[in-house]
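Student: Chain by chain, the residues run as shown.
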Amino acid sequence: MKKTKILSLVLVIVALLFMAACSREETPDEPVTPVETQAPATDTPTAQDTTTDGPLVGWESNTSPVDLTLFLNGSWWLGNLWGTDPASQRLQSTTGVNFDVQLPVTADDTMLNLMIASDDLPDMIITGWTSPAWHEMIANGQLADLDVLIDTYAPTLRDNIGEDIFDISRIDGRLFRINNFVEGLAFQEAALRYDGIIGSNQPTLLVRQDFFEEIGSPEIRNHHEFMEAVAQMQANHPDHIGLYGGNMFVNDIGPLGMHFGIPPWYESGGRLYYRWRDPMYWEALLFMHRMAAQGLITREVFVDDSTVARGKVDQGLPITYHWTLGETGQIPADNPDTTYMPLPPWDTYRQWRSGAGWMAVAISSRSQHQDRAIKFLEYTNTWDGAADIVWGIYGEWADDPVEGPHWHMVDGRPTFHQEYFTARLADWEGIERRTGLGIYTQFIFDSMLTNLTSWIPGDTFMEEQNRLFGPLVTYRPDILTIVIPGGSDEDVIRVRLVDLLREAIAELTFAPDEDTALAIWEAFIENADAIGAGQVEEFMTANWNR
Amino acid sequence: MKIKRTLEERIIIVFSVIMSLFLALVTAYPIYYSFIFAFSHGREAAASQIFFLPVSPTLENFRMVFSDSIIYHSFLMNFLRTGVGVITGVFFTAMVGYALTREELRFRRTYSIIAIITMYFGGGVIPTFLVYRALMITNTFWVFILPGMLNVFHMLLVMAFFRDLPDSLFESAKIDGAGEFKIFRSIALPLSKPILATIALFVGVGHWNDWFTPAFFTSSPRLQTLPVILMRLLSATEAQARINESIAHLGAVHVTNAGLTVESLRHATMIISILPIMFVYPFLRKFFEKGIMIGSIKA
Amino acid sequence: MNKPDETMPRKRSRRKTAVSLQIMALLGVLSLFLFSYLPMFGISIAFQNYTLSGGFFRSEWVGLRHFREFLSDPVFIMATRNTLIFSFLRLVIVFPAPIIMALIINEIPYARFKGAVQTISYFPHFIAYVVVAGLWLNIFDLRGLINNVMMNWGLITQRIDFWNSTLYYRSLIMAVDLWRGVGWGTIIYIAAISGVNPELYEAANVDGAGKLRQIWSITIPSILGTIIVMLILQIGGIVRGNLDQSVLFGNIFNRPVSYIIEHYVLDLGFGTMRFSFATAVSLVQGVLSLFLVIGCNWLSKRVSGKSII
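So the protein sequences, as listed, match chains A, H and C. Numbers 1 to 546, taken from this note's numbering, label the letters of the first sequence in order. Numbers 1 to 299, taken from this note's numbering, label the letters of the second sequence in order. Numbers 1 to 309, taken from this note's numbering, label the letters of the third sequence in order.
In case anyone wonders, no lab produced these hints; they're calculated from the structure. It cannot be assumed that every hint is accurate.
As the list claims (entries may be wrong) - Covered stretches of chain A, going by a simulated chain H footprint (3 or more residues, C-beta under 8 Å):
hint, stretch
1, 70-82
2, 95-106
3, 299-311
4, 395-404
What the hints assert, rightly or not - The calculated SDA-like cross-link candidates involving lysine to any residue, where the alpha carbons are at most 20 Å apart (straight line), are:
hint, chain 1, residue 1, chain 2, residue 2
5, C, 306, H, 110
6, H, 174, C, 20
7, H, 286, C, 184
8, C, 306, H, 167
9, C, 301, H, 10
10, H, 286, H, 86
11, C, 306, H, 104
12, C, 306, H, 153
13, C, 306, C, 233
14, C, 301, H, 167
15, C, 211, H, 6
16, C, 211, H, 286
17, C, 211, C, 199
18, C, 211, C, 201
19, C, 301, C, 199
20, C, 211, C, 306
Ideal placement from N, C-alpha and C gives every residue a C-beta, glycine not left out.
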């Protein structure tokens with residue numbers, strides 16, 4: 001009895017000591033204390049004013065200190081305490097704004113909903129641009145009209161970012177929020193020119209090189225050739241998965257739509273229809289069914305979450321899998337001498353992008369400092385502001401990835417020093433935390449301002465991929481920015497259809513024969529029409545912004 | 001002094017030992033699994049499907065969890081709220097439960113039904129938040145303590161225990177002229193140590209693991225408890241992993257961070273949060289010893 | 001002469017008794033009123049089309065629209081059937097397990113071993129559900145431990161896709177529930193067993209009753225009160241299911257058996273921001289639970305003389 005007690009006591013003490021030990025080991029890695037970094041940071045803005053080559057705008061500075069509260073609806077945000085890194089210090093000394101940032105703990109909207117319901121919104125709000133909460137806040141009169149604020153306090157904002165970015169952000173014609181990370185017209189043009197439209201996130205199929213070489217690395221231009229090649233490879237390696245991809249078919253045919261060139265919405269006769277009405281869609285379903293019939297697609301392709309998928313890819317189980325270009329060079333555990341490499345896009349490959357960005361920024365109508373908030377955003381959307389946030393210090397490389405300089409001009413465009421980029425890659429989060437660069441990008445609306453420097457000149461692999469995939473990207477904000485309002489009848493039908501479609505696809509993929517598969521598919525379409533697919537299509541067509 | 005055991009007794013003992021051993025083996029494994037995972041290189045652990053031994057042992061996962069300096073404060077806050085929560089919660093629940101078992105209490109059935117209704121109906125997060133705010137307990141320490149002080153499920157358990165106590169004890173105390181509160185404190189409570197220890201454990205685990213209250217009903221950094229910090233860390237890493245996959249325009253690069261995966265971090269945070277409470281049980285065991293009841297009556 | 005002297009103080013003390021008991025009970029009622037009943041105004045949204053902007057008092061009233069919607073939805077019927085099947089299986093398989101285990105553990109004469117078993121057996125309870133799910137999914141994966149071992153030993157010639165079919169789902173879920181709940185479930189019964197008066201066993205020993213007989217006629221009757229409380233609450237909960245379980249283990253292939261009411265509410269209520277719809281479903285569940293609990297309590301009082309209130 002006593003011994004059990006002593007034993008558990010010892011265990012608790014060991015646990016506590018262990019925790020303490022962990023923390024002590026941590027200390028040397030700790031970034032420099034705020035006090036130390038504060039001193040050099042205060043004179044950066046002046047130094048920078050003289051060195052920046054970018055076009056300067058007449059940003060009128062009001063640096064009197066002001067405290068603003070900000071709710072950023074992203075539990076994932078790895079922000080530092082405002083004012084403890086050079087980036088936020090630069091922003092603060094130029095604009096005088098000191099932010100108190102609140103983050104939610106969970107990934108859902110509970111925290112934001114509580115703030116809306118209790119009418120307790122902070123000065124500035126940032127949440128996903130598709131969030132249903134926007135309509136609620138607008139209906140409640142909780143958001144400031146940004147057109148008015150911009151005209152009164154920040155007129156240069158209109159000169160610095162494209163009008164199309166404001167248009168994408170408008171809800172019922174009024175500007176209550178502005179989307180960030182928008183890939184507007186200016187961005188699209190520049191990105192194509194500089195080989196920057198395709199990033200490491202571009203969806204693609206990857207293949208195991210050792211298996212692929214065994215069958216002579218045939219050219220694959222379409223799904224027939226793909227199926228044939230995968231079948232050959234699996235015949236050699238029956239224990240492996242023909243076509244894989246973490247939770248690939250989580251919604252309808254998932255990425256296959258892209259490979260088969262099926263748009264997210266089917267346009268016909270001036271109306272919009274669900275994509276499954278596209279004749280190509282049945283082609284894709286048939287492909288899945290035939291793949292499954294040969295054992296090239298297994299049930300796990302529909303089921304595994306990204307963690308499980310990560311594990312199976314690392315084990316080298318898939319022969320081919322759908323992921324992104326960033327996966328290039330993955331080494332399967334069972335053969336360290338080979339890698340996964342991307343396949344060139346099929347002839348049918350098309351990617352549709354909305355370009356509408358990621359989140360959106362709004363200002364509370366209750367805020368006492370609306371003028372300062374909009375002026376802050378005016379500044380962060382200048383070249384200077386963007387430099388403070390993403391690019392860092394301008395100048396020649398001085399062998400210090402934290403203090404900078406970080407970028408210079410190459411062929412008339414801002415470019416990171418290769419050495420800085422290498423250092424950052426080695427310790428992405430550490431460098432990010434110490435420089436603050438890349439953390440506060442949520443304040444920038446136009447991707448033009450943030451992404452220019454990420455396009456590394458001389459990266460031949462990415463240049464090649466841009467040539468392959470770049471022309472296959474289409475921007476369709478006219479269709480892809482239509483949001484079906486949460487809780488509406490159309491939204492309920494949409495959710496029901498998502499379920500029905502998933503079920504039908506899973507069933508017909510593993511159906512005993514093609515006739516059965518077709519029967520399942522026809523039953524689905526009948527069912528979907530009965531549930532009200534037409535109503536959703538009606539809504540989409542009515543809201544189509546041609 | 002050897003006790004002679006009958007054959008029946010011996011068979012029963014052998015049977016129970018075997019069954020218990022089986023149970024212990026099967027249930028010990030997941031913690032062991034979490035343990036080896038927490039000490040493993042995340043990516044490699046996923047790739048090689050670990051089941052019995054860690055791969056590329058590392059402290060990286062724990063280092064990540066402890067990189068947030070607020071975690072020490074949140075540890076203390078967690079101990080504080082669990083301590084206060086257990087003492088007040090157990091006492092209050094037992095007291096109300098005691099009153100509701102006494103035949104002398106008028107409307108006791110009504111009260112019981114009032115209590116049971118709350119087990120099945122709730123207003124949802126938003127109304128709860130609005131009420132707590134009107135009661136001025138949001139963003140105070142009391143939001144951890146007051147709403148959960150009376151737990152109806154625990155109260156029903158205590159009531160079942162009280163009802164099984166012999167009535168004669170209370171009768172004799174009353175004849176001695178003791179007030180009801182005194183009877184509760186000096187007879188009912190000491191006699192119910194096993195059940196009180198049990199609900200203390202239940203309440204304690206509830207307080208220790210609760211992330212919901214601090215996440216939504218407090219905003220002050222001083223009031224953030226351990227589970228919130230761990231939740232935030234997890235959801236941050238999880239989302240970050242997803243963002244790395246989908247949004248980052250980084251050129252032809254793959255961001256890796258020392259082989260940390262959501263999975264390995266999840267195991268590390270779990271080990272950290274449950275170790276302290278897992279070993280509380282042996283301390284509570286003395287309350288389950290037989291004979292304690294008789295001893296206290298006779299004393 | 002003496003009689004009035006004796007009854008007078010007793011009456012007064014009885015009144016005092018009643019007053020102090022009332023105070024103790026009313027404190028509890030007060031705390032329930034403040035923290036549970038006041039927020040219940042939120043239930044009203046079950047009859048509204050609640051929006052955050054309309055709030056609780058200005059949202060449109062729609063009567064029983066939400067109730068009609070889900071009661072006529074075949075998906076809801078399917079989810080209800082699955083919920084009830086799982087609850088029934090749980091009642092029959094999972095509910096008795098901790099009672100039996102507590103009786104077994106109680107018979108171990110070695111205190112230290114007993115303590116170790118108890119401490120270890122409730123480990124799984126502390127493990128977050130997502131980790132539990134990850135572990136079980138992993139082990140029973142098409143390419144996981146069980147399949148690998150069975151293939152290596154030649155027990156099967158083709159791998160079994162345990163999770164991605166309707167065939168094994170219920171058995172696996174019962175195994176998960178047993179494994180996760182038995183150890184923790186014993187705590188309450190072991191507490192009840194230690195409340196049994198040891199003199200009863202001594203007397204039985206003297207009468208020459210064997211161990212099994214003692215368990216049957218002393219231990220079980222003494223913890224019957226606790227068992228009945230747990231049983232009635234369990235029955236009250238049969239209209240509810242385990243959401244984590246359905247979300248984490250459920251998938252498109254086992255959906256016909258894994259999809260439960262809570263999952264339905266998540267998809268069609270919270271998933272579409274329809275708090276009203278979600279509230280309507282849980283209101284029905286709550287009413288049913290309450291009726292079941294009160295009904296079972298009444299029945300149990302009739303049959304066994306024991307009740308929870």
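Student: Now tell me if each hint is right for this structure.
Tutor: Outcome of the hint check:
1. 70-82: holds (count 5)
2. 95-106: holds (count 5)
3. 299-311: Holds: 4 residues of the stretch 299-311 of chain A have a Cβ under 8 Å from chain H.
4. 395-404: violated (count 0)
5. C/306 to H/110: 18 Å, holds
6. H/174 to C/20: 13 Å, holds
7. H/286 to C/184: Judged against 20 Å, a Cα distance of about 18 Å means the pair holds.
8. C/306 to H/167: 15 Å, holds
9. C/301 to H/10: Outside the cut-off at roughly 38 Å; violated.
10. H/286 to H/86: 18 Å, holds
11. C/306 to H/104: Roughly 18 Å between the alpha carbons, so the hint for residue 306 of chain C and residue 104 of chain H holds.
12. C/306 to H/153: With Cα atoms ~17 Å apart, residue 306 of chain C and residue 153 of chain H stay inside 20 Å; holds.
13. C/306 to C/233: 14 Å, holds
14. C/301 to H/167: Distance of about 19 Å is within 20 Å: holds.
15. C/211 to H/6: Holds, because 9 Å separates the two Cα atoms, which is no more than 20 Å.
16. C/211 to H/286: Not satisfied, since the Cα-Cα distance of roughly 24 Å exceeds 20 Å.
17. C/211 to C/199: At roughly 15 Å apart (the allowed maximum being 20 Å), residue 199 of chain C and residue 211 of chain C satisfy the hint.
18. C/211 to C/201: 9 Å, holds
19. C/301 to C/199: With Cα atoms ~28 Å apart, residue 301 of chain C and residue 199 of chain C exceed 20 Å; violated.
20. C/211 to C/306: Roughly 26 Å separates the two Cα atoms, so the pair is violated.
Violated hints, in rising order: 4, 9, 16, 19 and 20; the structure is consistent with all others.
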